[in-house]
Structure formats: structure tokens, C-alpha cells
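Chains as they are written, first to last, in this note's numbering: chain Y, 1 to 360; chain L, 1 to 503; chain R, 1 to 379.
In short, the hints are calculated from the structure, not lab data.
Wrong hints could be hidden among the right ones.
[Claimed, not checked] Here are some of the chain Y residues that sit facing chain L, going by a computed Cβ distance under 10 Å:
1) Arg56
2) Leu60
3) Leu121
4) Ala126
5) Val226
6) Glu324
Since this is a predicted model, take the numbers as computed values, not measurements.
Each residue gets a CB set at the ideal place from its N, CA and C atoms; glycine is no exception.
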Amino acid sequence: MQREMISTRQFIYMIVLFLFGSSAVQGVSWGLGQDAWIALLLALALGSILALMYARIIKLFPEMNLYDVAEVIFGKIIGKIIIGLMTWYAIHLSAIVIRLLSEFVKIVTMPETPQLPMMILLFVAAGYITFSGIATLGKWALFALPLYLLILLYILILSTAEIKFSNILPIMEHSVITIGSASIKILTTTFGGTVLFLTLADSIKKNDNPYKIYLYGFFISAVTLVVIFLQSIMVLGVPMVEKSYFPSYTAARLINIGDFLSRIEMIIFYNFLLAGIAKITICLLVAVKGIGKLFNSTKQGLILFILCPFILLISTLEFSSVMELLNFTDVFQYYILPFQVIIPIMLWVGAEIKIGAKSR
Amino acid sequence: MLNKSSEENKTTNVLSSSLEENIDEVKNIFVDDATIGMRWITNCHNTTLKYCIVQNDGLVSAAIINENIIKPLMLSKVSLNKGQQIDILIHQVISTNQIKKTNQWQEIIEAVTYGDTILFVDGEAEALLLNSKGFNTRAIAEPSGERILSGPREGFCEALMINLSMVKRRIRNNELKIKFQSFGVRTHTQICICYIDSVVNKKVLAELYRRLETIDIDGVLDSNYITEFIRDSKLSPFPTTGYTERPDVVVGKLLEGRIALFVDGSPVVLTLPYLFIENFQSNEDYYLSYYYTSFERFLRFWGFILSITVPAFYIVIVAFNQEVLPTTLLTNIVRERTGVPLPAVIEAIVMLILFDILKETGIRLPTGIGQALSIVGALVVGQSAVSAKLVAAPMLIVVAITAITGLLVPKLNAPVIYIRMMLIAMSATLGLLGFIAGISIIMTHILNLHSFGIPQMVSLDNLKYQEVKDTFVRGPWWKMIDRPSALTKNKTRLSGDDRGDND
Amino acid sequence: MIKRLISIVLIIGICIPLSGCWNYRGLNKVSIVTGVAIDRNTENNNYQLTIETIDVSGAGKEGTGKSQLVEGEGKTIFEAVRNAKKRLSKKLYVSDVKVIIISNQIARQEGIKPSLDWFVRDAETRETAIPVISQEKTAKEILAASGVDGKIISEELEKIINSDREITASTKKIASYQTFDILLGGEKTALVLPAVHCTSNKDKKVVEVNGTAVFKEDKLQGYLSPEETHYYLFAVDEIAGGITTFPLNKENQDSLALEISKNKTKKSYSYDGNRLKVFLDISTTAMLGEVNFDIDILKKNNIEEIKLAANLAFLQRIEAVIQKGRMEFNCDIFGVGTMIHKSDPVLWSKLKENWDYYIQTMEVEVRPEVVIVNTGLTK
């Protein structure tokens, strides 16, 4: 599979869509009530540090992806272990996202439909994009993100009738520690996932600036998430936001203009699916690449074909209900630390040493 | 048998010097073909000079043969020696505008079957091919499939040379390159490859030649035969080469760096490479005011989207997510649907197929019956279907919108049908999820389309004005500074600084 | 190889249509619900639901048609709704529910929170439905009455309540999600819901909106009459229309009518360690709509007099309503708790525990300011 180049803008859009993935509809309250947006901004600040580290790794090894870098720095055996771990992370993440997406659909609109066909359909859609390669994904992202933002803007404008600014008060009601720990949770579950983009880094052109890519991506998505959250809180009020599974969906249900333009929450549905498909596609791409590298094969189609049922199995068997899925986030934030922090730090330190040694 | 004899003769000296032997061979080759006529001629001043012309009745112009071939041969006073006549005949006697000499039987067969006259000279081992084509072609008229409001109305006809002449008249430049090839094992159809040297993308040209060599077919009757051999994405319903019947369109595309492919016997000319946006462009856009045509472009674009998504969306709303409808509308639709036996999906599919049937018959029928049939079809079937409660009235509206918008973009009429059905099927099983997943799949497919190595959807990476000036809107001509960068590296279209900012 | 591939694809592809389209809901099998009335059956302690649906056969020619009432009984609301299906051939489609009418017994005795849970939890129901308290003996009577305008009571009710804010300002518009907000929030603001009763109009029993019902936590405490609700709306800054009548001075009857066009109420408080003092600054812009006696409006003195009389009337009546809310119902009727919470959470956490005490002992000062901009066509 030849390497295809992606432009900066496409990469940024991909990162933003990935970060929207599940967070935009699921909401980021996590027990903080109206102060969650502060936690979000804090997570953005912390995430930027992570991003700087990721971008540095990319910059040190231009046009090479994480798998190649791991092998170069650590040699074949440890390199292959790292590749395996990253691939597993991608597989697990895509299983979770698919499960979340189909749960959303099932709860909200189609209670009687079994989840398996929904998941299969999502795999067909995401798998097709994966199969077409990263160039197609980049172009798809170029279309999808503006559409997403446009819809968001539309909902925002329409819900101004229901907004009550006083719902965000009081600010900083919760202690700094609570906010801090919640922001770490947000950091790992949302922003940290972008470590997967390191494996796609061989599509960034040599002269493009990876810092710009990561930081822009983080910034845009954080701002949009804050806006979404603020809109949900201001329309629904804190107790309802805490109680609903999907606050922005519930908020969109209240829009009622002139008696004919109401009940357009289908649009949120569309948004969620779009971002979800993007996230699944990216995870699939990473996984397929990883397995290809592990077993030295280039038959992407075959790998994809085998991988999908495997992920299906994981997602159906892992959780028995939505509650378990959402409770898993508590464990998830610790479980993914090795992937998001430890491995990149190892790589980064190793890279600095290696590059330092070379230049001497 | 034919091949064998011409192959045998090809290896050896094809023609013999004896006139009788040559003529016998001709009679052999064209046995059972009663239209090949022969005329024996002798020069009246030197009766030892014998000639025979072989002509294909119906394809030749009798006037040319009489005046320019038979008469000079008969009356020529030039002294000719046997064995050395050919050159003198060519230069001093025969007065046709094109002469070629040959000794290959294959060439002779191809020439005779196209309307040339063959002159066999007694004592010479070469024959002369004389241009005497005089077949009738269709008059130049506006093509019925590409009508416009204002602008040139010439359309291609079936003769290759006349088509080429229409294009050459519009590009009075020596950079226009024209090359001939022939395809079709049995038909030996001529095709012509045309491009402007300084703007064309050389890689695409090389790729085109490479693909043309892989063509292996019986006969080529229309340019579409060639398309299907050389196109990318062979399984996709979307077109990857453009086609047109108008010379002004061809010239416009040549000027942007594309390559045109003419096929003898077909008025349809191929242009490649092909960008997706060309499905929505029409040449008329450049002949009318750009405000008007920008709006038209929008309409076409939205028409395409509506045509694909409206039936599926309607099913999603009516069968899965009824909450979108306000109560009054909901009550009305429920009332309409209570009497109807079929579920909405089946209705939609049946009505769409019915409409396609009507459209097909409308095209094929002679004009008199066509009118009556459309009245019958539309009014009677539609109206009475509703009154008989076989179909719900909102469904008719939906189908009407779909069908009419589908006619807005004729180049995409093939994919539209299939995509529409696929979307209906997906939204009927899985509601909104199916609809959205279907749209994502279609979008991916369109993004994947390539045409001769160039991706059909140019990425919106640099949203500069010069990239989009001719896509969703039609920018004014004084702003059309660059050619599409995907097609050619020779970007600047306008010379000098004329950017329209006068005074 | 190709054959295997195709067969695998086919197998997966067939899975989808074979099982049918599970959630395909043909519209001809659906019965649109517009309103639900909840009662408690005293004999077996079940919920008794009366569901109003649209009868589509009459629709089209005469507006949106007639309504049908279906009853269902069950131990919980969800069960009652499903049980109603036992008498109905079509499935109930609850996405259009406009009002939820709760009987006052349920509201008084057990509170409305259990009844409302299903309406918020279920994915199909709307959170914009308006919960309403019926002042009649049962909630069912409201739906069984006839409306003046149309035949579908829930739609009527919804339209009346929606337009009330700007026209009559005699009741409060609140949706079920806001209800939930107030019930679940920790600020102990009193919940106020519209109250509905039946009156007779031309010998027909019709439904009329009659002020509001005041709750403490989620149990009904009492009612505010339409006029009291009018002044209550001033206190919570939700008034945008309506008529106020007041006397010019003590001798006259109520003889001047002001039409409110704009109003802004600013709440502020001060806490001195012991007692809470709350200030309400009310600035109203109004138009003089009717004068029942002779008076020359243009004279400056007269305008001042009218203004003073208006201010006085507002002052007295608003204070009366607040007093009623505090003393009689013992609840924080106009959101002091919320105000304190939002501006000073530390203070709020201190006051929270003895909030009842503070409500009873707080001082309220109302400072109305009325501006009369015009007086109609005549002087």
C-alpha cells in the first residue's frame, strides 16, 4: 500500500473529528455540574503539553510513523511489542466506540433493533473508507467537519430562545481538586487518544509543521466542546444535564421555532454518527497498519476483513449494558495511561538520545 | 480465408505486375460482394496503357471518378512507359487531391471499403489509392440531447473528418495535435486523439496511449465502447470520461488541458480526464450571465442531492422518526396513509420504477404517441392510484420531486438510479442510521473516483478563489485566470494583467 | 476464492433484511397521543391513565379532528400506558404529548415526581410537555370536557398556556424538563405548575386555566388564583403582558387598567449574619388601557397620581403573594435560594440546612416602579 500524503488541513480536521468522536454528544459533565467547562479548558492546557511531546516525536522522524520509529529506536523485538500494544489499543478503542454508537441509536430511536446489524453497517461504512486509504479519509474529513460545525451552529442559533445564562452560575463552585481530577480524566479519555495519530504520521509531508497540526486540532475541538457543553447547560439546567446520558441530544429536542421547526434532534444524530464513523475509521486504519507491520503483510483488504468480526466480537462481549460501558470510563482513564503517556515518553526519550547521538 | 491470403501476399510482393492477376485477386477477395465495381480504361493516345479502377458503389462520388480519374487517364498525352508509370501518373495525370501508392492488400481493402478508388496499372506492382469519398452524412444540426438557450448550435455528425473540421476551425493554432489510430479487429474503425500541446498533461497522454493498446474488441461502433475499456473504476456507475456532441464544448475542454477522442461513425466525442464537477457543468453556463448560471449550477447540484436522498429521507421520517413532523402535518399524513395497504417502502419503489418506465417509453416512442402516453401516465395513473387508495398522495409528491430533479443532471442518470435504490433499502431497514451510513458510503465512493490517475474530487485544501471559481458558482470570465490545477501545469490562462479591473 | 468472498458478503448482507425491519412503524398503525391525565384509583391503588388521542378519520375537513379517550390502568405509569394497548388496535405514539394533567390528590398525597419520571426517561416522549394540575376531583374530567375552540383538549390547553404569557399572564408556562430541574436541583425553589379547572360556558363544560399550583418539594401545597399568579409572575420576572387593574385611590373601585408591555425584576439580597433581607426592584413599562371615570390624563398631576396608585397597588399585592407563599405554603416561592446559590455558593451551603427558618423570617422589600408610556387613542 503506497503511502499517500495528507495536507496539514486534512490532518487537523481528522484530529478534530476524532476528538469529537463520542464526546460531543455524550457530554463531559462527569459530576462537575456547571463547572465542567473549566475542567475542559484545563484539560486542553494539559493536553497541549502531551501534544508537544507527540509532535516532537513526529518532527524528529519526519515521514515515518510510530511503528517504524519504535523499530528504529528499540530494535526489532521491543519494537514489535510496542506495535502490538498500540494495535491492541486501537482495536479496543474502536470496539468501545462502535458499542457506544449503536447503544446511542438503540436507546434514542430504535429500541427494537438488535445491535448487530447496526454495528455491521457501521463497519461497512467505516471499513470502506479505511480500505480506500488515508487520502480518501483526509478528503472525507474535509467535507465532514465543516458540515458538522455548520449543523452545530444551526442548533446553537435555534436554541437561543431556550437559553438561560444564569444556568452556568455559580462558577467555580467545586473545589480545584475536583476540577483537577476531572480534567485529568477528560485528558486521558479524550485528548490522549490522539496518540494514535502518531502511527499515521508517515503521511505528513516533511515540511509541514506537526506542532501546528496537533495544537490547532486540540484547540478547535476543545473550544467546540466547551461551546456544546455550555449550550447544553444553559438550555437544560444542571440537574437535567447530570441525569441524561446524552445532554446535547436532549437539549436539541427542546428546540421549537414557530411550531413547525421543532424536533430536529435528528441532526444531532447525524453529527454523532459522522464523528463516530471518523473515529472508527481512524482506529481501523491504525490497527490495520499495525497488523500489517507486525506480520509483514501488505494485504490491507484481507486484514480489514478479518479484523472487523474480531472487533465486533469484542464490542458485543465486553459490556452487557450501557451502564457498564459508561462506568468503564473510570477504569479506562488509568488503563490507557501506558499507551498514551508511557510509550510516547519512552519513544521520545529514546528518539532524543538517538538523534543526539547521530548528530554528534 | 481472407486473412490467410492477405497475409500470404503481405509477406511476398503483394501485387503482381500483371493487371489480370491483380483483378482476379480483387474478385477473389470481394467474392459475394456485388457492390464492388470495376472499370477498365485504356489511354486513347497510347492504347497499350491499360488501367482498371475498383470502386465501391455508394461510397464513391461519381463526379470525382469521372472527371478526375477516368477522364485524365483516357485523355492524357503524357508519355508513359510500362513499369515506370506510377510516379508520373501521380504527379502529372491524375487530378484527385489525395493519392497514395501501396502494394499491401490490407491497405487496399481498407481503402476500398471507405470510399477510395483503387487504380491498378498494368505492369506495375503497386496500386494507387485515390480519394473519391462521396458518401452522405447527416446534416449539421443541434444535438437533441444538449440543447441550450443561446450560443453555437453546431453538433457533430458521424463523419470523422467533418467533426474534426468543426474543431479545427475553432482552434486556429498549430499547437492542436491530431493523431489517428484504428481499433476493432473486424471494423478497423478510425479514432482520432486530439490535444493542445502546450497545455496538456503529458502523463495523462502517456497513460491514455498505454490503455488504448489494451483494447481488444470486435468492432467499435460508438465512443462508449472505448470508454468502457479505458476507464478507471470499472465497476463504478459514475462516469470517468466526459462525452459531448458539441464542438464548442470539446474546444473548451481542450483549452483546459484535456484530451479529446473522436470515433468515426459516432457523433459523441470523449473528453478525458474527467473531474466530478463536470457532471454539473454545461457549456451554456459560459454563454449566459454568470449570476443566472451560478444559480443554475446550485440548482443542479441540489437537484442531484435531492434526487438521491428524498425518497429515502421521506421513508425515514414517515416510518421511523415521525417526531420531526408537526402535529397537523402528522395528522394529515396519518389520515392519508390509513387507507393504503402497502407500506411506504414498497410504494416508493413501485412508484419510482413506474416513473422510470414512463420515462423510457417516452424516449423510445414516436412523437405522436409520446404526448398521449405522458398524459395518460401522469394524470390517469397518478390520480386514480390516489383515488383508489393504492398510493398515498404525499408519496406521489415525493416521487415527482425525485423524478424531476433527477432529470436536471443527465450525465449522472446512471448512478442516480442505483444509489437511490440503495439508500431506500438501507433506510428502510435501519432508519436514520442506514440513511447516514449510506450517504457516507456514497461520499466515500465519489471521493475514491479517479480518472486517468487524477482524482475526480479535487480536495478543498486550498480554498482559494481560483480553485472554486468554476465549481459551485460560475465566476465571470475576467476572473478566470487559472486553469484547473489538477489537469495541467500550465496554469495561467490569461496573458498580461487583464483582470477586469478596468478604470 | 471469488466465490467464497461473494458468499461471505452475501451471508452478511442477508442478515440485515432477513430479520425484517424491526422498528419500521407504518403510520397507519399508530395512534397519536396528545394528552395524558393521571389519576389514582382509590380502590386498588393503581394509576389510572386517561389518554387523549387524535381521531384521524375526521381530520382534514374540519381542522385537526376529534379526539378519542382511552383508559389504562397499571401500577406504574409505563405499565398503565402499555395496558391501554389492550383495548386499542393501534400502537400509542407518544412523541407528541402536549400536556400531562395530574390530579390534585396525587399531587397532594404522594408528590408528582414518581409520575413524571417516565415522561422524562422514555426516549419517545417530549420533554416539552407541560405538566398541569387539575383542580377538579379527577384529572379525567378535564379531558372529558369539551373545548370552546376545537375538540382536542390537550391541544387547546397547550395553546392557551403558551399564549398566556403575553396576553393574560395568569399562569405559568413550564415544561417537564424544567420541572425536573427544579425538583432535582438542590436549591429548594418552589415548583409552580399551571392549574386547570372546568367551568361552564353556554351550558357546556369547558376547560379553563385557573392560576397556578404551588408545591413544596414535589407535594402540592395550595393554589394561587389567577390574579395572585399575575403578581407572582412579577416577582419571578416572567411576566411579559397582561392586564392589571387598580383603583386610583381608596374610595374608587378598581377602575384603571394597565396593559403591561415590558417588565424587569431585579432581585438582590443582604445577609447580616442573622436575617436575610431581600429586595425586589420591579421596573415596568405599561400602557394605560382603560379608564373608568373622567380624568384628564395629560395633566401632570394626574399622571403622577396614577403612577403612585399603580406603584402602591403593585407593592401591596406582590407583597401579599410573597407572604402567602412564605407563610401559608412555607416554600421559597420566588427563587431566593437559587439567587443566593448562584452568587454566593459558600453562603448558600451555610443557609441551606435551615432554609425553612430563613424563609419564614426573611424580610422582603418590594420597590415597584411603573412607567406609563401611552394611553391609547384617547386622552
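task: Please write out, lowest number first, the hints stated earlier that are contradicted by the structure.
output: 1, 2, 5 and 6
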